[in-house]
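So the sequences go chain by chain: A and B. With the numbering used here, letter number 222 in the first sequence gets 222, and the count goes up by one each step, no holes. With the numbering used here, letter number 10 in the second sequence gets 601, and the count goes up by one each step, no holes.
Hints were generated in silico from the structure; no laboratory data involved. Beta carbons are placed, not taken as given, at the ideal position from N, Cα and C, and that holds for glycine. Be aware that one or more of the hints could be misleading.
[Said to hold, decoys possible] Far from chain B, by Cβ distances over 12 Å, these chain A residues were calculated:
(1) A50
(2) G67
(3) R171
(4) A389
(5) G429
[Said to hold, decoys possible] Residues of chain B placed beyond 10 Å of chain A at every Cβ, according to the derived structure:
(6) I614
(7) V654
(8) T661
[Stated by the list, open to error] Quick look at which bits of chain B chain A covers, simulated, 3 or more residues with Cβ under 8 Å:
(9) 593-601
(10) 615-621
(11) 626-634
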Amino acid sequence: MPHPAPVLDAVTTAGGFLLVLSLVVPVAGVLLAFAAGGRHVERIAPLTMALGLPIAVAIALTMQQAGGPLVYLLGGWSAPLGVTLRADGLSAVMMVITAVVICAVGVFARAEFRTPDGLIEARAPFAFWILLLAVWGALNTVFLAGDLFTLYVALELLTFAAVPLVSLDGRAETLTAALRYVLFALLGSILYLVGTALLYGAYGTLDIVLLSHRIRADPATLAAASLMTVGLLAKTALFPLHLWLPPAHAGAPAPASAVLSALVVKGSFFIVVRLWFDVMPGLPGPAAAQLLAALGAAAIVVGSVVALRQERLKLLIAYSTLAQIGYLFLMFPLAFDPISGQLQRGGALTGGMLQAISHATAKAAMFMAAGLIYAALGHDRIAGLAGTARALPLSVLAFGLGGVSLMGVLPSGAYLAKKLLLDAAAATGQWWWAVVMQAGGLFTTSYVVLVLAHALWPTDDPVELRAPVPRLREAAALSLALCSLALGFAALGPLPHATLSNPFAPGELWSALVVVLGGGLLAICLGRRLPRVAAAGVVRAVGRPVRRAAGAVAELLERADGVLREWPVAGLSLLVLVIAFGITMALGRWR
Amino acid sequence: MSTPTLFGLFGAAAAGLGLYGLIVNPQPLRKILGFNLLGSGAFVFFGVVARRGAAAGFGADPVPQAMVITGIVVAFSATAMAVALLLRLFQATGSATLHVDASPAAGEATSDA
């Protein structure tokens, strides 16, 4: 290669061993638990979590002190020959949030996946704890991998750990969901693998830092970039490649849904960010970034509207995940700097990642709360939730706080994320993404308000609970929701780009009011099931024709969603997207 | 036509056939086979890359070969898992199709309007 070899990451930095520990601990937990078997699994898993959380925090602190990335060269070999582990700011934040969510899920799941003395050991608890640790190990590998092939292996590990979580209970629907998930995910990973082969053929290395110095805009690289991007989008379930997500996330047991929705989709999303911001910041160009965000906008609209039409709480939350995934991709055009022609790390990226972590915590809390409600009531029909708030106040509070922090009201992380993204939209003059973001906030509010309205609706006959709800489980869900709500305070500390404004300023109160009212109005227009009295009174006020017209639009979107989730259509969309990204990336170069 | 080009074309053909089967064929077992064919095509392509990437006078670049072996292991595990899921599905329902797209959240039948 004619390029001068950049002298980067040539040595292991101080604290680099922490990176190895963060991979070794979960994997050792998996192996030990597998070897020890049976009841021991339930002791090994909490022990692993107790070790893993401090390691993640230590990595973040060490990195902050060092003021730069932590690097560990495996065996002392530097790239391109060796394999590098590298933790930058993004990895450190994601690792800490992952550890927090995994630990909260661990606390939550103890009551569900437990084998008391005297009972015969079952397979589900054994599998759950091992898979939970395996997801953790795979995610840490995703966050630390310094080259594209290690990322591929990490991505596959993540899929292999996540798929069985879907079908833990062994019912036919969940087996089908798991099979759809694994087959579509494999299609995505093969696209990614072909992309790495093309890159290796062109540049002779897959190390992220080396590649970022060598990358050129030739046809092979463009093909590789578009193949890898679309493969990762299939694994992230960005609209229209979401055929596997709703049944998989809604059918899994509550702790598994929390992990899948909060963390697993973030793994492949993180690799997209790595690819676009670190490997090839100058390659995608403005048109491809607009296309990516357009898919995100479509995801927000379709995901939210279909969420409003759901009869069951878990499916509603699953479709909400679909919409929130769309939100994550809005940052790409906002991070594009037209002068340098590159994606820049700045306010938009910070906002996008903040959105990812606040969604991770909030969505885990919401799935946990839904699981508690399901376990207590014996069903999760949204129309049958009346009186739940009185019977299960803490669970409904956890769901509500999780939902409120997703809406983006102060002081939640989503508020700060939205503010950063709106600032970036204003600075780059892309008002249309600001509109999409505000509309996204309204849609999020609408389905949260719909569920809360049902849950808060008074009922004459008290709700019968099938089983008492353990306080510890409610506390786990509630603490994650509070965590998401408090993420906005990051503005006071580590985030230099952001400022937290006075939450009681008239402007802030006014915009919060508009969001809540608008969301409520959307819920009344588009919601399939309204609380009974509201249905009688408010619908008359809004007018039947409006609700009928909105219902027709919603039905159309529902039908479109159904068609797009058919296998051949999803496969074709995948191919069309590969071509579309290839063309937009090429166009971006020539202009 | 040189050997690497020929290999590349065969890899592309295998990948294309596999992709077609994976997308179009409704039966899960055939989809799994399609995935394997697609994977084989990708691995052959990786081999071609190894041949062309040999810059320093070696017979071939060993790195892509190591990657292909890793990829084969991954594809094997994936196939094993998919087949295991398929077998469980067949045991549970007596048929193996991906078309069951009913509401997955179990519970009572919806009775109230």
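| message | Are any of the numbered hints broken by this structure? If so, which, sorted upward? | response | Hints 3, 6, 7, 8, 9 contradicted; others consistent.
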